[in-house]
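> Could you slot chains B and C onto chain A? The hints should help.
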Amino acid sequence: MSTESLHAQMHVEFAYTRSLGPVLSTFMTGLAGGKVIGGVLSDGRVAVPPPEYDPDTHAPITEFRDVAGEGEVLTWSWVSEPVAGQPLDRPFAWALIKLDGADTGLLHAVAVDSPEAMSTGMRVRVQWAADRIGAITDIAHFVPAGAEAAPAGPDGADGGADVTGITTPVVLDYDYVASPEESAFGRGLKEGRILAQACPVCHKVYVPPKGACPVDGVPTNEPHELPDTGIVTTFCIVNVPYLGQKITPPYVSAYVLLDGADIAFLHLVLGTEASDVRMGMRVQAVWKPEAERTFSLENISHFEPTGEPDADFETYKNHL
Amino acid sequence: MAKTLAAVIGVGQTHYRAKREDVSMPGLLREAIDRALEDAGMTLADIDAIVVGKAPDLFEGVMMPELFLAESIGAVGKPLLRVHTAGSVGGSTAIVAASLVQSGVHKKVLTVAFEKQSESNAMWALSVPVPFTMPVHAGAGGYFAPHVRAYIRRSGAPGDVGAMVAAKDRQNALKNPYAHLHNEGTTVETVLASQMLWDPVRYDETCPSSDGACALVIAAEDVVDSRGIESPAWIHGQAMRSEPLAYSERDQVNPQAGRDAAAYLWKQVGITNPLEEIDCAEIYVPFSWFEPMWMENLGFADEGGGWKLTASGATALDGKLPVNMSGGVLSSNPIGASGMIRFGEAALQVRGLAGEHQVDGARRALGHAYGGGSQFFSMWVVGSEKPA
Amino acid sequence: MRDVAVVGFAQRQMREFVGSPNCVELLVPILGELWEQTGLAKSDIGFWCSGSSDYLAGRSFSFVTAIDALGAVPPVSESHVEMDAAWALYEGWLKIQTGEADSSLVYGFGKASASPVRRTLALQLDPYTVTPLWPDTVSIAALQARLGLDQGVWTENDLAEVAARSRTSAVGNDNAVRQGETSVEDVLAQPKFSDPLRRWDCAPVTDGAAGMIIVATDSPLYERVKGRSATITGFAHNTDASSLGLRDLLRSPSAAAAARAAGADGSTTYDVAELHAPFSHQELILRRELALGEGTTINPSGGALAANGMFCAGLARIGEAASRIWSGEARTALAHATSGPALQQNLVCVLEGAA
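These protein sequences, in sequence, are chains A, B and C. Terminal number for the first sequence in our numbering: 306, no gaps in between. Terminal number for the second sequence in our numbering: 1070, no gaps in between. Terminal number for the third sequence in our numbering: 363, no gaps in between.
To be clear, the hints were calculated from the coordinates, so they are not data collected in a lab. One thing to keep in mind: the hints can contain errors.
[Said to hold, decoys possible] Beyond 12 Å from chain C on every Cβ pair, some chain B residues (computed): (1) 835; (2) 836; (3) 856; (4) 1066.
[Said to hold, decoys possible] Listed next, the in silico DSS-like pairs over lysine-lysine satisfying Cα-Cα at most 27 Å (straight line): (5) B:1002 / B:990; (6) A:84 / C:200; (7) C:50 / C:234; (8) C:50 / B:949; (9) B:789 / B:685; (10) C:50 / B:685; (11) B:857 / B:1002; (12) A:303 / B:990; (13) A:190 / C:234; (14) A:303 / A:190; (15) B:990 / B:949; (16) B:1068 / B:1002; (17) B:789 / B:1068; (18) A:176 / A:232; (19) A:176 / A:274.
Note that CB positions come from ideal geometry on N, CA and C, so glycine has one too.
So that you can see chain A by itself, here it is in the shape it has in the complex (with noise of 0.2 Å):
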């Protein structure tokens, strides 16, 4: 059996949903209209993004002032290899640019073709997306001062509403790998396998087996092949509908305890009302066709009882 561990793409998406308060809701409205708005600071300087609090007094900023949509280059970085997400999809640059009126920098992306384009210093005016909806964005990105206007869009949708909120999409993508102890597991699961291990210092068997034995911290490395059999110690009916579930409701989740094995797992039991699950009950793996294995537990479908007499609390009660 090969030893190479096994990869996965692990996808994590949300769209998170960001109430604002009052400054940042000020800069929003703006942007949806059209404006760049700084706050006025402590010190009398004009800070775009306004900052929510004075960064001397820690007072709540309250004065507002439009600045323009054009302005200076005060520095800039080129990006040869764009990631996701970010404003351009071919090579540009980052800049801080101060607007006229402000006396800070704001970070956002400038569309030239080549560095060669870009200098400190140099003069860029916002280009407005062509749909504003009060997000950062609505800067699509700045172009060079001299360069042809694009249309600006409309305002926002809601014919100057305030924005008092932000969705941010946040998508991230791994390569999952998993340790050598799981990779094998996972190997005899799309056999049909349970292959356990127990560590060499306890001898306690884990299953899934593991990088390191809680106990000793050091990798469960003795083969101890499982049956497909065992008992429920604990469990819980589930009734609630949530995000992401796959199941249709009530179903049972238990922990399961395989014969042989010093530790139970999360599954499910299955093929029997819910109410008739027991502590103690006897199950057995009801697994997926070979066809649609992978190389997780998911490949039991489900445990269902086995019609045994059940296991007697005294056998058990050190499990839960």
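For chains B and C alone, kept in the frame of chain A given last:
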């Protein structure tokens, strides 16, 4: 070497709500911070160091949010620490802040813990599918409900003890203006009639998902004395213990980490009979049954006897050992802040500042938090008098 | 303050670790090495603390399963910071200062190769006005580098010298991801990656883990430790603003403040300094803020430009500095760790060997 004696001299809380749409994250934190500073008679300029705590960053979708919050919370030019120990984090964060004073490194420390759960969905953030791993088909409640079943089996507790806890905490919450849930008319009967979500746990026996923050100002003895602070909550002792999530024959109903932490805490404080010597307790009870479970784990009752304390009314506001006078986690649960709220409410009690939910004459109180799969514990005892 | 000594340090740094996100497979041998080095056992440890990030692992509570590597049964006194493990070390040091513990084992881990880390780090920026644009961490550092070039604070040659020296110093360092005898001309011949920065000006993407044991020198445990010792004589950290527009990007006041608080006021010439500068120009900022003069050997390990294990590279700087003291190459050393965009947070740990 002797520890510097430290006290809580300021407590600030936000109003807890499902969605605090009126504020940003910085605004939420400042609401708690400004109240704590006002309580302490200080401004941000007085503060030496800041400790921030919150639970997973995936809740708000910001990696190490204390970095972007630095300006808003006054951390620029100051040491800033960020603690994350799962659900126990609010307590652990307060303990780290206390350590900054007790070690003699700083004199005046601000600590703040928060969660703005409405930025995402806690159920989602806690159960992002991990490849090759069996998904928990039940969310957070589903993780803990089997252990509640095991507790009921082991202790022989009657089925309505969880409902008693829920009814008590929801009634207590009516006396706490900051509480998220103000469910008038909650009784044992209404709790029992609520939907069974994760059998044996009913809807009314679970915590809400809240936005909120809690802040504390912790000061050294000489600061407390020289400023003439009238009602400090002296920190008598603190403990943190952790154990692995899943090891063979781990007791998940009465975890050893919690028992060890409590034993260490009582010894530190010189307490031999906690039920007699502690006046009230704010403990982390996100599902009602955890009150009797933690009563045993903390040593207020023998194993199997926790439910009897609850059933006897001992944990009611006028009982022998009032528990969760504020309404507890069952009434407000901004996860990252929930532990600090327990620690802060314990301080308010011994300062005599708990308002309508004040326990008369409270002199020594326990604040408690736990997290992960009942594996991370943090707790402290605060008192109205300097420790003997 | 109690005198506390670094008595054990182990690390694993590599380009790509083919293993689990919690790096347990690295932590197990690192802990083994620490026990071997010190002669201590887990029951001797009074307090444990770790540093890591959920967003590097892509899941909540990623530190929870890392605890398996400790063998934390019976339960341990333990904490976790969502920061580089250098700050976990600070918490461990603090616990020893309170008298609640005599020893601490700290560790950090991060698997940066699992996703484009320069993009992931955009999640550290202001979530309202900056993160939605996804500015990558290299581009932000490059803004800082250009500012210094434009204002004549440093030259392209200065940056190349840092990169060349780091690569050359890393030769023979088993944990270096990038190394090789390199001249300034070699560096300048490289194409720009994020103009004005070249790839060699930027820390390599590194997977890694590191662990350390510290012990109070007044405790009986210290007598039992085998040989190695480097005493912490100063330990402090500090924070700058996050707003790139409101900060002076050429300065790091928090680095200077941390150094002052750690007793490094420029009056001492340290034999060695290990600086956590993920970009070559940031080393120049740090040398100025930390008042490091000509007499100090900078980054004999190659520094973060040789290997930059996320959430453990700062701790590794302290470990590398301690190692020079253990070997006798240095008697005094200053170690530095950073966190956040463009050197926002900085920590300084000053170490000393026997006189």
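> Can you list which hints this structure breaks, lowest number first?
Hint 13 contradicted; others consistent.
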